[in-house]
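Colleague: Quick note on numbering: the sequence shown equals residues -28 to -1, 1 to 486 in mature numbering (1 follows the signal peptide of the UniProt record, and there is no 0).
Please keep in mind that the hints were generated in silico from the structure rather than gathered at the bench.
Errors might be hidden in some of the hints.
[Said to hold, decoys possible] Cβ pair distances, simulated, as ranges:
hint: 1; residue 1: T12; residue 2: P75; range: 26 to 32 Å
hint: 2; residue 1: R367; residue 2: G32; range: 39 to 45 Å
hint: 3; residue 1: G431; residue 2: D4; range: 49 to 55 Å
hint: 4; residue 1: D88; residue 2: V357; range: 24 to 30 Å
hint: 5; residue 1: G54; residue 2: G242; range: 46 to 52 Å
hint: 6; residue 1: E362; residue 2: A264; range: 39 to 45 Å
hint: 7; residue 1: D233; residue 2: E142; range: 25 to 31 Å
hint: 8; residue 1: D366; residue 2: P75; range: 45 to 51 Å
hint: 9; residue 1: T396; residue 2: A264; range: 48 to 54 Å
hint: 10; residue 1: G40; residue 2: A80; range: 46 to 52 Å
hint: 11; residue 1: N303; residue 2: R367; range: 44 to 50 Å
hint: 12; residue 1: E338; residue 2: P364; range: 25 to 31 Å
hint: 13; residue 1: P75; residue 2: E143; range: 49 to 55 Å
Quantities reported herein were computed from a predicted structural model and do not represent experimental measurements.
Virtual Cβ for every residue (Gly too), placed ideally from N, Cα, C.
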Amino acid sequence: MNTLSRRGFLAASAAAVAVAHMPRFALAQTPDSLRLAAATRTLDIDGRAASVFGLAGSGGQGLVLDPGQRFRVDLTNDLDIGTIIHWHGQIPPNAQDGVPDMPMPLLAPGETRSYDFEARPGTHWMHSHVPTQEMQLLAAPLIVRSAEDVAADRQEVVMFLHDFSFKSPEEVLAEISGGHAGGGHGAHAHHGGAQPMQGTPMGGMGAMPGMDHGAMGGMPMDQMPGMGGMMGMGGQMGGMAMDLNDYDWDAYLANDRTLSDPDVVQVERGGRIRLRVINAAAATVFWIDTGAAGARLVAADGHAVQPLSGNRFGLAMGQRLDLEIDLPNENGAWPILALREGARERTGLILATPGAEVRRVDAVAEAEAPAFDTDLAQEARLIAVDALPERPVDRSQMLMLGGSMQPYVWTINGAVWGQHQPVTARRGERVVLSFHNMSMMGHPMHLHGHVFQVVGLNGRRVAGALRDTVYVPPMSMVDVALDAGEAARWMLHCHHMPHLATGMMTEFAVSASV
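With the hints as constraints, model all of the structure from the sequences given.
Modeller: Structural data, given as structure tokens:
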């Protein structure tokens, strides 16, 4: 192994580390509106220049808000194409939610739009709601600190994950839908799939022909394979192979870097770290492996959970995890790795005390990481600190998640966006949504404008985590409870970008209460 000489290795004193850590994330300083720009930028990815998009504040990519600070932002589109940004994890008024034509149109090139709403504390993020643009890295962290964060004696570190291709998103989607994309363990080569709706903004997308090829017909629930958590290792389930990865990306990034030149974060001996991990990948589920640095999972999707100790935790696209790490009282370097599920590729960052030897970590592991949470074991262990109040359920709805690799079409209740029937509720109702995945791929399901609690896993009641994005493994069912919010049309979709781009979206239509 050879030693890394990290460009710009931080030389700040221990007292300054907490603030100095996030040089690429803009720190909010004034009560005035913050400026945020969607713009192009160039990354060095394994020695090769890559032109990507980004969301830049005054101090770099992303925003960090202070406790109690409103989300008061002027967003300018410095791209040469229209865009719109969704504030993932926040609950703004519907008009500010950031979905094309629901109700606001895309920002034209050069246009500025203002946003002003109460920010919800926690680890969140922001991204374009045009799938091809998120695939070009038009995304960034959105951290809203709490008073407890400010008072705590700990250092905050952000790990922002992405997958990346040097090919255009349109080329990537064409390869995936045509079955020429490769894919990791468990993925199959398929041919002749449906053509994706390339470059089309979600919300204004037209109808797409195709039927639900992933459903199991009228088979009763108690006879369906896998509904009892009967998932084998190695991507096998009831004799059928799961499709874990449907594209082999050129690189996997943590804070815009690969392991050939990782982000090296200076830390104190014996210090406590709050690691905020955000999975902004288009189509990759990651395991977060803290190695020798034992961790406690303390929040999911920005909401506190009862601490869960371990050194490997998974998160799907759109999800966030907060990990607390107590470092040994000694000099050293601790890699924090993100392992691609069902494959050997990995990325990550390195926590290092001043002067410590930082050894290179190979971007390819010796063994494949397993599939993520096929039996919902991790989700079952998460318990919300502030659960939804108990109350009778006013409305229950089943959402069937279907689709297949050939043709490459993914559906909710048998329909793609444009042919969908809205999921309906009245404002203030307690609603239970049951996500029933009858396909052979997992789906991270994201609901805009609401926080929900996981209350059922494969038919077993739980008092699970508060979330906005829940992962539903193949042949599994997850129930979530929520209180219907503002009367408006709210997006409900899979956060796997190729699935979303081919129509895996519906709407949660809330009407005014009687």
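Colleague: Run every hint past the structure and note whether it holds.
Modeller: Verification of the supplied hints:
Roughly 28 Å separates the CB atoms of T12 and P75, a value that falls within the hinted 26 to 32 Å. One distance hint, 39 to 45 Å for the beta-carbon pair R367 and G32, holds here, with the actual separation near 44 Å. G431 and D4 have their C-beta atoms about 51 Å apart, which keeps the hinted 49 to 55 Å range intact. Between D88 and V357 the CB atoms are about 29 Å apart, so this pair conforms to the stated range of 24 to 30 Å.
Taking 46 to 52 Å as the suggested C-beta distance range, the pair G54 and G242 conforms, at roughly 50 Å. Take E362 and A264: their Cβ atoms lie about 42 Å apart, and the range 39 to 45 Å holds. Look at D233 against E142: about 29 Å separates their beta carbons, and that is inside 25 to 31 Å. Judged by the Cβ atoms, the range 45 to 51 Å given for D366 and P75 is violated: they are separated by roughly 26 Å.
Separation of T396 from A264 is about 50 Å and conforms to the stated range, judged on CB atoms against 48 to 54 Å. Take G40 and A80: their Cβ atoms lie about 33 Å apart, and the range 46 to 52 Å is violated. For N303 and R367, the hinted distance range of 44 to 50 Å is not satisfied, since their beta carbons lie about 57 Å from each other. Take E338 and P364: their Cβ atoms lie about 53 Å apart, and the range 25 to 31 Å is violated.
In this structure, P75 and E143 break the distance hint of 49 to 55 Å, their C-beta atoms being roughly 32 Å apart.
In the structure shown, a violation is registered for the earlier hints numbered 8, 10, 11, 12, 13, in ascending order.
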